[in-house]
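Those protein sequences? They're chains G and L, same order as listed. Position 537 of the first sequence, counted from 1, bears residue number 537 in full-length UniProt numbering, the numbering being contiguous throughout. Position 60 of the second sequence, counted from 1, bears residue number 60 in full-length UniProt numbering, the numbering being contiguous throughout.
It should be emphasised that the hints constitute simulated quantities derived from the structure, not laboratory data. Incorrect hints may appear among the rest.
Stated by the list, open to error - DSS-like, lysine-lysine: derived pairs with alpha carbons at most 25 Å apart: (1) L:K348 x G:K395; (2) G:K399 x L:K348; (3) G:K245 x L:K298; (4) L:K293 x G:K239; (5) G:K149 x L:K348; (6) G:K197 x L:K447; (7) G:K150 x G:K515; (8) G:K233 x G:K116.
As the list claims (entries may be wrong) - Here are the in silico distance ranges between beta carbons for each label pair: (9) L:K254 x G:N39: 16 to 26 Å; (10) G:S272 x L:L184: 43 to 53 Å; (11) L:L239 x G:S272: 52 to 62 Å; (12) G:K195 x L:S262: 48 to 58 Å.
Cβ atoms here follow ideal geometry from the backbone N, Cα and C, with glycine treated the same way.
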Amino acid sequence: MASVRLLLTRRCCTALKTTTARTHVSYEVKDNVAVVRINDPTSKVNTLSRHMQAEMVEVMNEIWGNAAVKSAVLISRKPGCFIAGADINMIQACKTAEEVTSLSQEGQKIFDQVEKSPIPIVAAINGSCLGGGLEFAIACQYRIATKSKKTILGTPEVMLGLLPGAGGTQRLPKMVGLPAAFDMMLTGKNIRPDKAKKMGLVHQLVDPLGPGLKSPEERTIEYLEEVAVDFAKGLAGRKVTVEKKKGLVQKIQDFVMGLPPVRKQIYKTVHSKVMKQSKGLYPAPLKIIECIQTGIEKGNAAGYLTESQNFGKLAMTSESRALIGLYHGQVTCKKNHFGKPERDVKKLAVLGAGLMGAGIAQVTIDKGVATILKDTTEEGLARGHQQVYKGLNDKTKKKSLTTFERDGIMSLLSGQLDYRDFENADMVIEAVFEDLSIKHKVVKEVEAVIPPHCIFATNTSALPIKDIAAASKRPEKVIGMHYFSPVDKMQLLEIITTNKTSKDTTASAVAVGLKQGKVIIVVGDGPGFYTTRCLAPMLAEAVRALQEGVGPKKLDSLTTGFGFPVGAATLADEVGIDVAAHVAEDLGKAFGTRFGGGNVEVLKMMVQKGFKGRKSGKGCYVYGAKSKEKKVNSGAEDILKSFKLTAPPAVSADEDIQYRLVSRFVNEAVLCLQEGILPDPVQGDIGAVFGLGFPPCLGGPFRFVDSHGADKLVQKMKRFEEAYGNQFTPCQLLLDHAKDSSKRFHK
Amino acid sequence: MQIIEHFMSLSLIRTVLLTAFSFCSAARSLSTSVHLQAQAKSKKTLAKPGVKNIVLVDGVRTPFLQSGTTYADLMPHDLARAALQGLLNRTGLPKDAVDYIVYGTVIQEVKTSNVAREAALGAGFSDKTPAHTVTMACISSNQAMTTAVGLIAAGQCDAVVAGGVEFMSDVPIRHSRKMRKTMLSLNKAKTLGARLSLLGSIRLAHLSPELPAVAEFSTAETMGHSADRLAAAFGVSRLEQDEFALRSHTLAKKAQDGGMLSDVISFKVPGRDIVSKDNGIRPATMEQLAKLKPAFIKPHGTVTAANSSFLTDGASAVLIMSEEKALAMGYKPKAYLRDFVYVSQDPKDQLLLGPTYATPKVLEKSGLTLNDIDVFEFHEAFAGQIMANLKAMESDWFAQTYMGRKTKVGAPPMEKFNTWGGSLSLGHPFAATGCRLVTTVAHRLQKEGGQYGLVAACAAGGQGHAMVIEAYPQ
């Protein structure tokens with residue numbers, strides 16, 4: 001009773017003292033345990049905003065000043081989110097590195113106090129515990145996490161070109177060991193609760209609860225709190241100890257890590273690995289290594305200082321801005337801007353069980369939507385079915401699915417050779433061969449069996465949708481849905497609307513795409529739409545470079561050296577030389593000499609010889625059974641020799657080749673915006689990065705123009721134009737930006 | 001030969017005696033019919049026009065023993081045989097009067113996979129009486145009984161023996177899949193070289209055996225773990241669970257000492273003593289119970305060894321007949337078996353909520369309310385599971401949100417609930433428990449003078465069962 005009264009009087013006091021009530025952080029004292037609950041009422045997730053931090057400091061000081069409080073529990077009231085990280089906008093609002101450094105130092109200071117807290121603090125984690133949220137949690141004395149599927153722990157800062165700037169680089173290595181800490185911070189990967197427990201990142205796990213007298217989410221949080229309060233009491237009464245007995249393996253590892261030469265070797269190895277993977281284009285991983293190394297080798301003070309300074313420096317880099325831009329873009333492209341469709345798609349039909357069709361079916365059924373997969377031959381159907389099964393089965397091996405869940409998901413798939421049940425389909429996506437007459441035949445066949453409300457989507461990578469829709473009786477229901485291969489891995493979906501496509505059809509296609517987990521751009525109709533149209537000139541330039549004697553390996557290293565995840569020659573093999581030839585020819589006809597450069601006959605000849613790329617075992621490279629080292633296909637080299645061109649020396653330096661490739665890509669992207677194919681630069685950047693692998697560190701073609709300078713790019717293009725002609729003529733919008741440096745695609 | 005003759009003469013005597021007895025009771029029923037009619041005013045009978053009245057003639061069970069004790073060296077069909085023989089002895093039933101035998105089992109002994117047939121042959125039933133085995137986890141013998149009811153209702157049989165057996169002292173432990181594969185290939189290998197190369201492919205890891213677990217195949221979660229989560233979901237405290245467990249043991253002890261558990265038959269275990277009592281009833285103190293550590297969710301769980309049902313060996317059997325046939329054979333039935341339902345729900349989060357779902361459904365079917373029920377016998381898998389079910393049945397929110405009902409059904413009053421102990425104290429041989437519940441309801445109705453009883457149970461797989469039982473007019 002005494003403590004209750006004390007609490008009441010304290011509450012009155014604070015109410016008198018502070019005129020504004022706290023909105024983000026609240027607490028109550030239960031049995032000498034202060035339960036601190038966080039909930040940002042303005043957002044779906046909790047972030048460590050200035051407001052949140054200020055209230056948190058206030059609350060912590062009250063708790064530390066209250067002698068009746070013997071321990072504390074920190075918990076979020078939001079189901080599915082503990083703390084998702086620092087407030088990115090807060091960092092972006094800073095103008096200088098010093099400002100960001102001081103932000104970092106404030107965070108460090110708060111968490112330092114938490115770490116040195118006179119009473120034990122238990123972090124009770126349910127949902128995402130990321131970035132600053134994780135740094136907060138690991139500053140606490142004890143961590144309990146729910147085993148919910150939504151519970152993930154991690155330090156994703158590196159993916160934004162930043163580093164854990166509130167003590168994370170200093171505390172994590174001590175907690176989980178050097179190798180695991182490097183792994184977490186350099187990859188930014190999410191860690192599931194079971195793994196977190198094994199790593200020593202959390203002390204206890206709590207099972208999520210099912211239905212009871214309240215909703216499972218609500219009751220699970222309550223239960224987590226009850227368990228955490230018990231542990232807090234145990235810690236205060238010294239019945240629970242934080243230190244875990246170390247196993248032999250752990251002892252040996254600690255001993256080995258205690259040897260300076262070993263650590264030195266680790267730093268070296270990690271550094272060279274990072275350099276190899278990032279080509280030195282990303283500064284954040286290197287800074288993270290520096291912070292960890294400084295902390296361990298030179299002590300805490302130096303470590304924390306390096307961390308805050310590096311954090312400030314990174315926040316000002318163009319790479320970080322590019323990555324943060326992509327993050328925001330991705331958030332925008334994960335929303336439906338066309339409103340709620342009139343009816344949900346409950347049954348989807350996919351035509352063609354090829355690589356694409358099966359991939360689309362897989363990402364649809366695993367979201368619980370019944371799907372028909374139709375093919376014309378039994379072999380084709382069996383192959384597609386197996387692809388879906390394998391995709392799901394691989395997940396069971398990784399334990400992200402149980403075999404029962406896999407079977408349940410597979411039961412939603414109906415493989416068939418006829419049009420049975422199409423009368424119940426809400427949407428049909430065709431992924432048949434890229435040939436207009438075949439597509440027309442399919443449109444007519446399908447429209448004869450589907451109900452009036454059913455949407456007809458076509459998964460084509462280059463054929464204009466209006467040409468396909470020409471065969472339709474109801475063009476308002478026809479839309480393009482351009483998926484990228486492999487569908488279950490590639491995040492992008494490019495949706496193409498014609499001027500006849502209805503808004504509801506678009507809304508429905510976006511809704512399906514979002515359900516499938518895609519990042520979506522919606523673009524206008526035209527040959528190659530947006531993505532294919534940007535890729536084609538770059539591939540044409542790549543073919544020219546090959547004809548000029550740049551070998552496939554050299555070409556690959558030039559493109560990956562610029563930041564593309566896959567080299568241009570390898571990309572052509574992945575896309576398929578036949579597809580590339582097809583697209584190059586089609587778009588060449590549509591756009592004329594601007595799409596010239598390499599000779600299409602090179603590709604055609606390769607197709608003729610059976611060098612269709614990876615799928616046929618030979619393309620630019622030979623794909624052996626299991627050998628890691630790719631060998632250049634000598635047959636392809638012979639073809640290239642027969643089409644040999646002389647490289648003009650003025651524009652054939654390594655950097656020139658890189659910019660020839662990239663500038664044609666970028667110019668075409670800007671032209672798409674100018675022509676209205678692209679609605680805005682954000683979708684242009686997202687499409688290029690997520691669909692085509694445009695270097696993420698550059699943030700997409702539009703952000704690249706902004707950061708590189710349109711004038712500089714135009715200068716380079718003019719030089720290339722002199723050597724090669726109109727393929728390098730900058731478009732008007734690019735020229736406008738070059739003329740007026742205040743014009744920018746992104747603010 | 002001598003022994004058989006002895007038995008035959010014994011059963012003859014029994015038949016004679018029984019016939020005599022049934023004459024008596026027929027006479028008595030005549031004399032009490034006036035009284036019965038008076039009772040029928042307040043409580044109607046559940047007989048439905050056009051539906052055969054089906055009765056429980058009698059039910060028996062072997063003593064339920066903790067696994068690894070006196071029954072340790074038997075096989076499942078031995079226990080089943082004991083129960084069947086016990087039923088024959090108790091009812092004096094001519095062996096060839098049985099049309100069919102249905103028996104339940106959960107953990108199968110592969111040698112006797114149709115344990116019903118093996119046990120029936122061993123128990124001396126006519127080899128012309130077919131027998132089949134059913135399995136439905138902890139409601140296997142309920143399924144056996146309702147299968148019997150179905151056979152009789154459909155007019156295919158008149159007298160069916162149902163029952164169930166579980167033998168946890170010995171469970172099949174298998175070789176690993178890889179080892180089995182190698183061994184099966186070994187059978188087919190023709191040459192010595194082929195055999196040797198197969199033997200050479202055996203690795204140490206292949207030798208590690210596969211142990212059966214009381215776990216859901218679909219979720220890989222053990223039942224105790226699920227029960228602990230269920231208890232937590234309904235906010236059932238450790239104290240509540242321990243109190244309920246203690247109640248079960250205390251009531252069971254009282255029932256045992258008071259001679260209420262008349263369904264238990266004595267069983268002379270070969271090579272051992274005669275067993276005539278359940279051996280798992282152990283009333284402890286709350287302090288002793290509080291000392292135990294959680295058994296499944298560690299360290300903060302609430303389900304312990306003491307508030308869970310323990311691994312048990314045991315078998316049960318009942319004789320079910322059409323009323324006509326029973327009366328024609330001179331039996332005085334114990335109860336009518338009336339409406340029953342099976343339900344199923346999410347095997348992960350609602351694994352053990354069967355009684356909550358089944359109870360309102362079966363009451364509705366019978367046109368009864370909870371208040372009409374005089375005797376409740378629920379299967380006690382875990383104290384936490386019972387408490388969670390009681391709370392769920394008491395919750396309008398749960399009824400509306402998860403069961404699509406307008407209101408709660410209500411929780412049974414404790415003074416009518418499992419008053420002779422339950423699975424927590426008497427033991428829970430999975431497939432034998434259902435018959436125990438039904439027989440206990442019949443006996444309690446007779447003892448307490450009630451008219452309606454309700455049996456409800458949960459089972460692995462997220463399934464459940466409930467049955468309404470009506471007392472046979474005395």
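Structure-based check of all given hints:
no. : hint                        : in the structure
1   : L:K348 x G:K395             : holds (20 Å)
2   : G:K399 x L:K348             : holds (17 Å)
3   : G:K245 x L:K298             : holds (17 Å)
4   : L:K293 x G:K239             : holds (15 Å)
5   : G:K149 x L:K348             : holds (14 Å)
6   : G:K197 x L:K447             : violated (56 Å)
7   : G:K150 x G:K515             : holds (17 Å)
8   : G:K233 x G:K116             : holds (18 Å)
9   : L:K254 x G:N39: 16 to 26 Å  : violated (52 Å)
10  : G:S272 x L:L184: 43 to 53 Å : holds (51 Å)
11  : L:L239 x G:S272: 52 to 62 Å : holds (60 Å)
12  : G:K195 x L:S262: 48 to 58 Å : holds (56 Å)
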